[in-house]
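*Asks:* Each chain, letter by letter, is given below.
Number of protein chains: 2
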Amino acid sequence: IKKRNISVEELVQGVKCNDRAFLAQAITLIESNAQKHKDKAQQLLKLLLPDTGKSIRIGITGVPGAGKSTFIEAFGTMLCEQGYKVAVLAIDPSSTLTRGSILGDKTRMERLIQQKNAFVRPSPSGGALGGVNRRTRETMLLCEAAGYNVIIVETVGVGQSEGMVRDMVDFFLLLTLTGAGDELQGIKRGILELTDAILINKADGENKVQALQTASLYTRMAHVFQPITDGWTVNISTCSALLGEGITEFWQTVRMFEAETKSSGVFEQRRLQQQKKWLYTSIREELEQRFFSQPEMRAHIFACERDILQGKKTVTTAVAELLTYYEAL
Amino acid sequence: IKKRNISVEELVQGVKCNDRAFLAQAITLIESNAQKHKDKAQQLLKLLLPDTGKSIRIGITGVPGAGKSTFIEAFGTMLCEQGYKVAVLAIDPSSTLTRGSILGDKTRMERLIQQKNAFVRPSPSGGALGGVNRRTRETMLLCEAAGYNVIIVETVGVGQSEGMVRDMVDFFLLLTLTGAGDELQGIKRGILELTDAILINKADGENKVQALQTASLYTRMAHVFQPITDGWTVNISTCSALLGEGITEFWQTVRMFEAETKSSGVFEQRRLQQQKKWLYTSIREELEQRFFSQPEMRAHIFACERDILQGKKTVTTAVAELLTYYEAL
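In order, the protein sequence lines correspond to chains A and B.
Each residue of the first sequence is one higher than the one before, counting from 1 in the working numbering.
Each residue of the second sequence is one higher than the one before, counting from 1001 in the working numbering.
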């Protein structure tokens, strides 16, 4: 299938029938940087748009070690066994630096991968954060067109990807560890306030008591913040992904969230706002990318930076000069 | 003084001598949108740059009603009496909408205004957030050149100005109210994590016990977040601006912060990073401003937005079309 030049129409049909080989091929097209692939990818997406948007999109974040893989495997397998079709996409901006995704590990989620209703796609490597954003969103749309009705977008909890994932999902979960003091400091600035639910994982054995105490602290803290989703109070619970405890309850929370926000209109409103925001964010990223990637600009920008830090030039003057130079290119 | 056309050299001398009329004139120049004023303002700033940067810059935020004016008046007056020269600048992005600053009220800070060592400047009105940012930063530099050694930048706690203020000050204070539950929900998302200190104001009379309880909750919460300033633990205390209690202690905290961060190099490092960030932020704002303010672009952007929301066009296609159109203008 990879060698032959498949037409857009064939791909549309293949994806709609949830032929995994066609879906994988379509995603490869989305991830390609070649212009002819980009054009074909956009034609494909446009034809599939009417079939998108019908899933529940769940974002999951947490520091490395919080047990995200184990949790997603337990959660995804449970959903597959209930008849849901589950796609797991991973965002790992660090892989753009290390040129190898830590999520690419084939041994991850072995049990989930064997489910016929599951589709697990590691993070696309290479490219800037804007590129990762576009690829993940478009891959999500392809998966929806292929009939997946639960999309899980996982972020590795390093870098700046949480805000990006929040902006593409309906429900955002922070998976964290039990503990207090130093361990809690692992939570990144701003993350707590993006979440619809916080699950304290590894609430088993000797950890259980402490996990419940941590849940109680988070519950008090949650009252301090304005909820990110209108009308929804952040749900705070414990779970043990290892023992499979708290997984059913988490899914009930998601379903309750979906029912309530759909009935209040908040669900649809967020989807529309996410679409709009994506347009404006993409325009900004493209404007910046064109400016900063101009080889002629680099030396000028660095010279301005140096003059500013040495107190020889004001920022306002530097910006005016740089823009004049850019527009004359 | 306002009618005559004062030369840049006269302004430089006037500001350096801390002649208030010249300082006010210089700030008016910075705030002007006329091109000849802009050019003159930048010449002035360039000549004054060697005399800037020698103050401690303190940002203060808090919801309306937290008692910021009363606090700043008590704090500023105390500093003036100790021989410090205090400049108070206000940022009020809402005034760009209402066309009248709620901070422009002449009756505010009556006691402080009477101090010969104090300079209180209400928020400049009009213009976008980027403009407010530039004007406030440049006004701060003028005040430093005029010899003010404590600069207080106040934000009214509405809108999106806290991150902007955080990026231009050395020390950031959240002034908040005593209380729990609903009252605490007034704290805006992300603010808590920007602060170097939280002061619970109105800790007097019947409120005192509750204020101490709130301080204790914040102290536990502070452990959850990574501190915004390397090596500094967020300071949480109570005060009563009305009774003048806790004001001396706050100043001691600021001095301790200054001593520690200067000795560790974090102070200077932050200043350099703020300068760099301001350059890059200004470039981005200018690129966006030029794109979005093009009258020819507006109709195209709105058409794309509509097509996207109706599922007729992909975001990627829309962005490519819009950028092609823009570059052909």
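By construction, these hints were calculated from the structure, which means they are not laboratory data.
Check before you lean on any hint, since a few could be wrong.
Unchecked claim - Restraint-style ranges between C-beta atoms, simulated for each label pair:
(1) Glu-1110/B with Gly-265/A: 44 to 52 Å
(2) Phe-1302/B with Gly-53/A: 46 to 54 Å
(3) Pro-1050/B with Gln-35/A: 32 to 40 Å
(4) Ala-34/A with Glu-1258/B: 52 to 60 Å
(5) His-300/A with Ala-1021/B: 49 to 57 Å
The beta carbon of each residue, even a glycine, is placed where N, CA and C say it ideally should be.
*Asks:* Decide, hint by hint, whether the structure agrees.
*Replies:* Hint-by-hint comparison with the structure:
no. : hint                                  : result
1   : Glu-1110/B with Gly-265/A: 44 to 52 Å : 48 Å, holds
2   : Phe-1302/B with Gly-53/A: 46 to 54 Å  : 22 Å, violated
3   : Pro-1050/B with Gln-35/A: 32 to 40 Å  : 51 Å, violated
4   : Ala-34/A with Glu-1258/B: 52 to 60 Å  : 55 Å, holds
5   : His-300/A with Ala-1021/B: 49 to 57 Å : 39 Å, violated
Of the numbered hints stated above, those contradicted by the structure are hints 2, 3, 5, listed in ascending order.
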